[in-house]
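Residue numbers (our numbering): 172 to 316.
Keep in mind the hints are simulated off the structure, nothing from the lab. All of these numbers come straight from a predicted model, not from anything done at the bench. A couple of the hints might just be wrong.
The calculated DMTMM-like cross-link candidates involving lysine to aspartate or glutamate, where the alpha carbons are at most 25 Å apart (straight line), are [stated by the list, open to error]: (1) K258 with D189; (2) K305 with E270; (3) K253 with D294; (4) K258 with D303; (5) K282 with D240; (6) K205 with E185; (7) K205 with D189; (8) K199 with D240; (9) K251 with E230; (10) K205 with D195; (11) K205 with E181; (12) K209 with D263; (13) K209 with E185; (14) K282 with D195; (15) K199 with E215; (16) K199 with D292; (17) K237 with D224; (18) K253 with E208; (19) K315 with D303; (20) K209 with D292; (21) K249 with E229; (22) K205 with E177; (23) K258 with E229; (24) K205 with E215; (25) K305 with E295; (26) K299 with E230; (27) K258 with E185; (28) K253 with E185; (29) K251 with D240.
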Amino acid sequence: MTFSKEILSEWLVEQCPDGIIYSDANGKVALWNKAAEKIFGFTEVQAMGQSLDIIIPEELRSAHWKGFDAAMQAGTTKHKGKALPTKGLRADGSVIYVELSFAVILDNQGKAIGSLAQARDIDETYRKARADRKRLRELEDKLKT
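Construct the complete structure from the given sequences, taking the supplied hints into account.
And the structure:
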């Protein structure tokens, strides 16, 4: 059975286990898949057309927009698609840890037209590792005394 490239692309985005978020060159959400809904708590209807600020904690926004603007100008990101751990903001206002990778999307002439983010929820793993490190430091401190 064969499918059109358009249909297959739609299915891939919708069924991807990672959050897929596309924003235009102004940082407005233009694509939001089901996994992004699950991670961040915003439905597609709520997210579409909104600024990426809806998922960026306030203390990270300035740095985000500086990097976003630089990437749009350069046509690439400085991290070259490398997945990076960071904080994300959920619809209920809670902060979670996510792993994000970014790509600048270019048109046929090489002009940056938007940004693609792939998000993975690492909150539970990150918090557990942090608690384990804290417990290890406490044990090391006890051994020193």
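Exercise for the section: Please work out if K199 and E215 have their alpha carbons no farther apart than 25 Å. Expected result: holds (13 Å)
Practice task
Measure nothing beyond the straight line between the CA atoms of K251 and D240; if it is 25 Å or shorter, mark the hint as holding.
Solution key: At roughly 15 Å apart (the allowed maximum being 25 Å), D240 and K251 satisfy the hint.
Exercise for the section: Mind checking the alpha carbons of K205 and E177 for me, to see if they're no more than 25 Å apart? Expected result: The given pair, whose Cα atoms are some 18 Å apart, holds under the 25 Å limit.
Problem - Satisfaction of hint between D195 and K282, Cα-Cα up to 25 Å - result: holds (12 Å)
Exercise for the section: Would you check the hint for K258 and E185, treating anything up to 25 Å between C-alpha atoms as holding? Expected result: Measuring from Cα to Cα gives roughly 23 Å; hence the hint holds.
Problem - K205 paired with E215 [C-alpha distance capped at 25 Å] - result: holds (8 Å)
Handout entry: Holds or violated: K249 to E229, with C-alpha atoms at most 25 Å apart
Key = holds (22 Å)
Problem - Hinted pair K205 and D189, Cα distance within 25 Å - result: Satisfied, since the Cα-Cα distance of roughly 9 Å is no more than 25 Å.
Problem - Pairwise hint evaluation, E181 against K205, where the allowed Cα distance is 25 Å at most - result: Holds: K205 and E181 sit about 12 Å apart, inside 25 Å.
Problem - Straight-line alpha-carbon gap K299 to E230, limit 25 Å - result: holds (23 Å)
Exercise for the section: For the pair we were handed, K209 and E185, check the Cα-Cα distance against 25 Å. Expected result: At roughly 12 Å apart (the allowed maximum being 25 Å), E185 and K209 satisfy the hint.
Handout entry: Proposed proximity, D189 with K258 (alpha carbon, max 25 Å)
Key = Holds: K258 and D189 sit about 16 Å apart, inside 25 Å.
The structure agrees with every numbered hint stated previously.
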